[in-house]
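**Q** Below, each chain spelled out in residue letters.
Number of protein chains: 2
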Amino acid sequence: MNKRILLAAAAALALPLPALAQTAPLDPAALRDAALRDDIAWDITEGLTTEVGQRLAATEAEARAREWGARKLKALGFQNVRIETFKMPLWVRGEEKAEVLGASAQKLTITALGNSGTTGPKGVEGEIVYFPTIADLQMAPAGSLKGKIAFVSHSMTATQDGSQYGAFGAARRSGPSTAAAKGAVAILIRSIGTDYHRNPHTGVTNWPKDVKPIAAAALAVPDSEQLERLLKRGPVRMKLLITPEFKGEAESGNVIGEVPGSDPDAGIVLVGGHLDSWDLGTGAIDDATGVAITTAAAKRIMDAGQPRRTIRVVWFGAEEVGGFGGEAYAKAHGGERHVFASESDFGADRIWKFTVNLPESAASLSDKLAVALGPLGISRGRDLAGGGTDVEPILRGKVATVALAQSGLRYFDYHHTPDDTLDKVDPVQLRQNVAAWTATLAIVANAAEEIGPVEKTGRE
Amino acid sequence: MNKRILLAAAAALALPLPALAQTAPLDPAALRDAALRDDIAWDITEGLTTEVGQRLAATEAEARAREWGARKLKALGFQNVRIETFKMPLWVRGEEKAEVLGASAQKLTITALGNSGTTGPKGVEGEIVYFPTIADLQMAPAGSLKGKIAFVSHSMTATQDGSQYGAFGAARRSGPSTAAAKGAVAILIRSIGTDYHRNPHTGVTNWPKDVKPIAAAALAVPDSEQLERLLKRGPVRMKLLITPEFKGEAESGNVIGEVPGSDPDAGIVLVGGHLDSWDLGTGAIDDATGVAITTAAAKRIMDAGQPRRTIRVVWFGAEEVGGFGGEAYAKAHGGERHVFASESDFGADRIWKFTVNLPESAASLSDKLAVALGPLGISRGRDLAGGGTDVEPILRGKVATVALAQSGLRYFDYHHTPDDTLDKVDPVQLRQNVAAWTATLAIVANAAEEIGPVEKTGRE
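So the protein sequences, as listed, match chains A and B.
Per this note's numbering, residue 7 is the first one in the first sequence, and the count goes up by one each step.
Per this note's numbering, residue 7 is the first one in the second sequence, and the count goes up by one each step.
Just so you know, these hints were derived from the structure itself, not from any lab.
All figures in this text were calculated on a predicted structure; none of them were measured in a lab.
Be careful, since some hints might not be right.
In silico SDA-like pairs for lysine to any residue, Cα to Cα no more than 20 Å straight-line [to be verified]:
no.: 1; chain 1: A; residue 1: K103; chain 2: B; residue 2: E101
no.: 2; chain 1: A; residue 1: K113; chain 2: B; residue 2: R235
no.: 3; chain 1: A; residue 1: K113; chain 2: B; residue 2: R179
no.: 4; chain 1: A; residue 1: K113; chain 2: B; residue 2: R99
no.: 5; chain 1: B; residue 1: K113; chain 2: A; residue 2: D389
no.: 6; chain 1: B; residue 1: K103; chain 2: A; residue 2: K253
no.: 7; chain 1: B; residue 1: K113; chain 2: A; residue 2: D39
no.: 8; chain 1: B; residue 1: K103; chain 2: A; residue 2: A176
no.: 9; chain 1: A; residue 1: K238; chain 2: B; residue 2: R99
no.: 10; chain 1: A; residue 1: K113; chain 2: B; residue 2: D45
no.: 11; chain 1: A; residue 1: K103; chain 2: B; residue 2: T249
no.: 12; chain 1: B; residue 1: K154; chain 2: B; residue 2: R235
no.: 13; chain 1: B; residue 1: K113; chain 2: A; residue 2: A67
no.: 14; chain 1: A; residue 1: K103; chain 2: B; residue 2: G108
no.: 15; chain 1: A; residue 1: K113; chain 2: B; residue 2: E66
no.: 16; chain 1: B; residue 1: K128; chain 2: B; residue 2: V191
A short, non-exhaustive set of chain A residues, derived as facing chain B with CB atoms under 7 Å [what the hints assert, rightly or not]:
no.: 17; residue: G59
no.: 18; residue: G129
no.: 19; residue: G132
no.: 20; residue: K154
no.: 21; residue: S180
no.: 22; residue: E234
no.: 23; residue: R235
no.: 24; residue: S268
no.: 25; residue: W358
no.: 26; residue: T361
no.: 27; residue: S370
no.: 28; residue: S372
no.: 29; residue: D425
no.: 30; residue: T427
no.: 31; residue: D429
A virtual CB, placed ideally from N, CA and C, is assigned to each residue, including glycine.
Extracted from the complex, chain A is given alone in its bound form:
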């Protein structure tokens, strides 16, 4: 029997002393309300983005961020703090210039996609072939792009659930390999974003083994619309200089800390976010706030009393460039008994919905979450919860999860751009996130219910 139940029982027997019940350790409502005054998450977010700044996977800056993270977790009182390194290919940005040639000569603003090939130091010139959507590019005849530069647009709209990232993001994820297979010398895509600033959105693109990478870059949204206007007037030739490089194997790593539980047999509750960021901004909303929110919530539980289950906080490395940290963690720790895993990786705007993927034995937790999260303006969604890139490898083992869905209405204005900086974090909304995560951890880490495997894995 855990402490919380003992105390709840004590409180029930002591009706004249409601103050005791309200301050009972791991009472989700009390912890939630106290977390609305949290400063820990802001402190982590501000410190990491200021003292380290950008922290591209496998670079010296990411290594500094790991040291920073380990120091911070120790200072906060976490146990078993360690850095677990792994090797991965290092990709770094080079020059990136794009120029319209001819009568309307002008520069356009671009940034290389992660894993982009290179134009070589002399660049490439070619005629632009315009595709309004990725589907148009897919339907282009084989060989029809030989010597050309493909340009793919889309109509992504800001949505609260962020679902258009999945739908329109294909232009970035698979557009380059599709264009390369049809003979293109390079590809430009409209940034997968919802803003109108001259700050293009990077992000990984993927190459099947049989496709030779070409230079692939995103145009800032205003530049993408400029190119569309020029194309309406007639053919456009461009010169591109895009020279990123793969630098071979380099070291990345995960930073781990724990709040040890009282019942080693009850399994591990895994939470976290990713420590690495893209190189353009300082990775404030992607994902300093994710590590900050989950760490602050775990710290608040730690300070309130020992939970039944061990809470393990992981600051994953190398998420952006291919989820290397999550895979490395699963390889190292997949054999341990994880009963729950969830991450925060969608900024720090207000959480508005939660979804669950729980086994029948722990179905009651969903109602407890609804009660605890309702006062924060968070309602229960019907779909099956999935996880982010970092925890997916663990979730694949039929591990239970709860997804706390942040508003995505602003997220893709800044995501993967130079604009992902501290000023985009709203301290009030950040605290609401910490409150929701604290209440969730109080319920899940302390549940008397057995949390066994789920029937099937949800999709993020």
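Dock chain B against the given chain A, drawing on the hints supplied.
**A** For chain B alone, coordinates are given in the frame of chain A:
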């Protein structure tokens, strides 16, 4: 007696036919309402920013913009269309990199101020000396910045009347020369802007003859706040590479077109905006919309009937870098009888106020303007109207003016940044601008009143 008065008299005699009065040529109200459906200003703004793009003073791009402008004015039916060239010093941007050194090594986003000196190709390193305001810098002891990099911040706030640009802009205009005089090797200023994007705001700085220019650059607002946070933690050393160059004398020019008036003795009504832009954006709100609005208004008058006074539209060259176009115009045309001059150079958001500087003989025009502009949500202000940089040299000759004040609440989010692009122009507000200018021109160009010299010149 001019046509409008004849027609008004005819209308007064023909009360059963109010439709005639409503469609009388140069009826300000009818012209105003028709202009709310204007497409001319959008067409000019879209065309110039798309087909030419950036058009830094005295560059090849600005020359293309002049050709574009002359073609457009001719196509619209303006008379006496010509390009009047002049010589001026050409300043061009070079490399611009800023790096924090040491334990928090990271790059910050900067852009050189216009007329900035150079660090030389090897760059400079130095300790940052922080000044919260320009006043703090001014109070620093002589020689106290020897070998250091000055950093000046400020607290500019968005205002409807844009007045904080004058107040806080001193950090940019005179901060560099003040820092240089005290021995600084370079200066960084917080961008004179109100946004939170990684797009720094350029703009000219001025050097007295006895001060040797140093490298001077603006930090993007998020980077400026980042540097302030780092300074709170301890001393900061930075490395700067800022290599703009003066390229000697080059050609700029003004583009001029006219709507000839019926009464050559009634004087010239001068309106316009500036054709050049900074090199970072496409100069949509600064100042493609200015030339577009004033040209569209003049065109609408032209199509409605010949005005009493000649309306001269000027697309001034080289405003941004020092007002060379306005000075060249005054030198060439100052001897002609200008009775009115006004320009649009504050974007294209909704006009909310008008102010006047009129002689006693034409004081009645102010009431007519109040009647014509009121339905557009424009109220009369009490202060004396001044003019923008381009028309100031003419206004100094005690020439009358009306200032149509646009809302500045968004303007300094984009001003002088890469973000000054077409998407920032709201077509509905643009039309309101055209309507206000059309009504104003209908009243001023056609006034039966003599418009003589004013008593004193207002300040912008």
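**Q** Does each hint hold? Answer for all of them.
**A** Verification of the supplied hints:
| no. | hint | in the structure |
| --- | --- | --- |
| 1 | A:K103 / B:E101 | 14 Å, holds |
| 2 | A:K113 / B:R235 | 34 Å, violated |
| 3 | A:K113 / B:R179 | 28 Å, violated |
| 4 | A:K113 / B:R99 | 14 Å, holds |
| 5 | B:K113 / A:D389 | 42 Å, violated |
| 6 | B:K103 / A:K253 | 23 Å, violated |
| 7 | B:K113 / A:D39 | 39 Å, violated |
| 8 | B:K103 / A:A176 | 34 Å, violated |
| 9 | A:K238 / B:R99 | 31 Å, violated |
| 10 | A:K113 / B:D45 | 27 Å, violated |
| 11 | A:K103 / B:T249 | 19 Å, holds |
| 12 | B:K154 / B:R235 | 19 Å, holds |
| 13 | B:K113 / A:A67 | 11 Å, holds |
| 14 | A:K103 / B:G108 | 29 Å, violated |
| 15 | A:K113 / B:E66 | 14 Å, holds |
| 16 | B:K128 / B:V191 | 13 Å, holds |
| 17 | G59 | 3 Å, holds |
| 18 | G129 | 18 Å, violated |
| 19 | G132 | 20 Å, violated |
| 20 | K154 | 22 Å, violated |
| 21 | S180 | 27 Å, violated |
| 22 | E234 | 10 Å, violated |
| 23 | R235 | 5 Å, holds |
| 24 | S268 | 39 Å, violated |
| 25 | W358 | 24 Å, violated |
| 26 | T361 | 32 Å, violated |
| 27 | S370 | 44 Å, violated |
| 28 | S372 | 39 Å, violated |
| 29 | D425 | 5 Å, holds |
| 30 | T427 | 4 Å, holds |
| 31 | D429 | 5 Å, holds |
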